[in-house]
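Peer 1: The lines below spell out each chain.
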Amino acid sequence: GAGVSQTPSNKVTEKGKYVELRCDPISGHTALYWYRQSLGQGPEFLIYFQGTGAADDSGLPNDRFFAVRPEGSVSTLKIQRTERGDSAVYLCASSPPATSGANVLTFGAGSRLTVL
Amino acid sequence: AQSVAQPEDQVNVAEGNPLTVKCTYSVSGNPYLFWYVQYPNRGLQFLLKYITGDNLVKGSYGFEAEFNKSQTSFHLKKPSALVSDSALYFCAVRDAYYSGYSTLTFGKGTMLLVSP
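As given, the protein sequences belong to chains S and D, one line each in that order. Just so we're aligned: 353 in the working numbering is position 65 of the first sequence, and the numbers increase by one with no gaps anywhere. Just so we're aligned: 379 in the working numbering is position 51 of the second sequence, and the numbers increase by one with no gaps anywhere.
Derived by calculation from the structure, the hints in this document are not laboratory data. Take these hints with a grain of salt, some might be off.
[Said to hold, decoys possible] Derived CB-CB ranges, DEER-like:
hint : chain 1 : residue 1 : chain 2 : residue 2 : range
1    : D       : 379       : S       : 296       : 16 to 22 Å
2    : D       : 381       : S       : 305       : 49 to 55 Å
3    : S       : 366       : D       : 354       : 41 to 47 Å
4    : S       : 347       : D       : 340       : 29 to 35 Å
[Claimed, not checked] Covered by chain D, according to a simulated footprint, are these stretches of chain S (three or more residues, beta-carbon under 8 Å):
hint : stretch
5    : 330 to 343
6    : 350 to 360
Quick caveat, the model's predicted, so the values are computed rather than measured. Cβ atoms here follow ideal geometry from the backbone N, Cα and C, with glycine treated the same way.
Using the sequences provided together with the hints, build the complete structure.
Peer 2: Now the structure itself:
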C-alpha cells in the first residue's frame with residue numbers, strides 16, 4: 289500500500305481482556321517495528337522483525353506482550369491480560385531491509401489503546 | 329546504551345522569526361541522527377537525517393539541522409517559522425557502529441508553538 293496502515297485506530301477495553309493490534313507495512317518493506325508512545329513521552333521500542341522472524345524483542349515489557357509476522361508482511365501485536373498501564377498509542381513502522389542504520393522508518397498513524 | 333535528550337518541553341516563537349529545537353545525544357560510536365514531526369492524531373513524519381558528510385543537513389518544509397560532534401548536538405532550525413509548523417518534534421539516534429540493525433532511540437519530544 290501507499291503507507292503503513294494500522295487497525296484499529298482506537299481500542300477501548302477492560303482490564304484483563306485480550307487485545308490484538310494490526311499493522312500492514314509498505315509493500316516491499318521487509319523490516320517492521322513496533323513502538324509504544326505513552327502520553328508526554330517519545331516512542332519506545334518494543335520489537336523488530338526482519339522478514340518473518342523477530343530479530344530483536346528486547347523492548348517487550350513482559351510476557352503479556354507478543355507479536356507475530358507469519359508471512360513477512362502483516363504483523364499483529366498481541367497483549368494478554370491488559371492492565372491500565374498498557375494504555376498508550378502503539379506505533380508500527382516499516383523500512384527497507386535494515387542493512388544500514390541510515391534507513392528511514394515510515395510510521396503508521398498508530399492504534400490508541402485505552403484500558404479501563 | 330544510546331540516548332537522546334530534548335531539554336525543552338515546549339518552544340514558543342512568533343511567525344516569521346527563526347526557530348531552534350534542541351537535541352543532544354549519546355552513543356558509543358558515531359551517530360545516525362533523525363528528526364521526525366508529529367501532528368495531532370497522525371503518525372510520525374520524517375523530516376531529515378544526518379549520516380555523514382556536511383554538518384548542515386537540509387530537509388522537508390524548509391527545516392535544517394546542524395550536527396555538532398564536539399557538543400554531541402543535532403539542533404533543528406528554520407529561518408522563518410510558520411503557524412503550520414506548530415507540532416510535536418522528535419529527535420532520534422542510532423549507533424552507526426553496527427553495520428546492520430540497531431534500535432532507533434527517540435527523545436521525549438518538544439512541542440513547537442508558532443503564534444501568528
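Peer 1: For a quick check of understanding: which of the numbered hints are violated here, in increasing order?
Peer 2: 1, 3 and 6
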